[in-house]
Amino acid sequence: QYVHDPPQPDLSPPAGSGVTGMDIYVGVPIPGTHTTTLLSGGTTLDLYIEVSAVVVDWGDGEIESYPPNAAMFAGYPEGVVTHVYEAKADATQLSVSYDWTARWRVSGGVWEFLAVPNTTTTLAYPLAEVVSDLTD
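In short: position in the sequence shown from 1, add 12, done, that's this note's numbering.
No lab work stands behind these hints: they were computed from the structure. Glycine is no exception: its CB is placed at the ideal position from the N, C-alpha and C atoms. Mixed in with the good hints there might be a few duds.
Beta-carbon label-pair distances, calculated as ranges [said to hold, decoys possible]:
(1) E124 to T32: 28 to 36 Å
(2) T47 to A82: 32 to 40 Å
(3) N81 to G54: 14 to 22 Å
(4) T47 to A27: 31 to 39 Å
(5) D17 to D145: 44 to 52 Å
(6) L57 to T32: 47 to 55 Å
(7) R117 to M34: 33 to 41 Å
Lysine to any residue pairs mimicking SDA-like chemistry, simulated, CA-CA at most 25 Å apart [said to hold, decoys possible]:
(8) K100 to T45
(9) K100 to Y60
(10) K100 to D22
(11) K100 to E62
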């Protein structure tokens with residue numbers, strides 16, 4: 013049995029502190045590849061499961077797919093997965109998904125792919141904006 017855990021995103025700034033025009037960083041751990049071989053009556057069953065992409069739906073119409081690279085998803089300040097929101101919004105929903113690839117084969121045969129749904133975590137991410145007010 014293998015549990016396909018959902019992502020645990022770390023946002024910087026955290027939910028409730030996002031501001032338009034400012035970089036929002038997403039950090040998320042990337043699960044390692046899972047392989048196993050099962051033996052029964054002289055037959056082997058090989059299993060291979062990995063995250064093939066990390067998909068970020070920023071909630072403002074932008075959806076981006078990234079390779080499962082831990083350095084890219086290091087979060088603030090080293091990570092490179094960032095986004096700048098352009099409009100204030102009280103109800104932005106930011107989602108991070110693991111896109112899984114799973115395959116299996118019997119006794120060293122041809123690999124067969126197994127459909128595994130993405131695991132997703134969605135967070136409310138309200139956005140504020142800073143407005144200058146010039147007075148005499």
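**Request:** State the violated hints by number, sorted upward, taking the hints as numbered earlier in the document.
**Result:** 1, 2, 3, 7, 8, 9, 11
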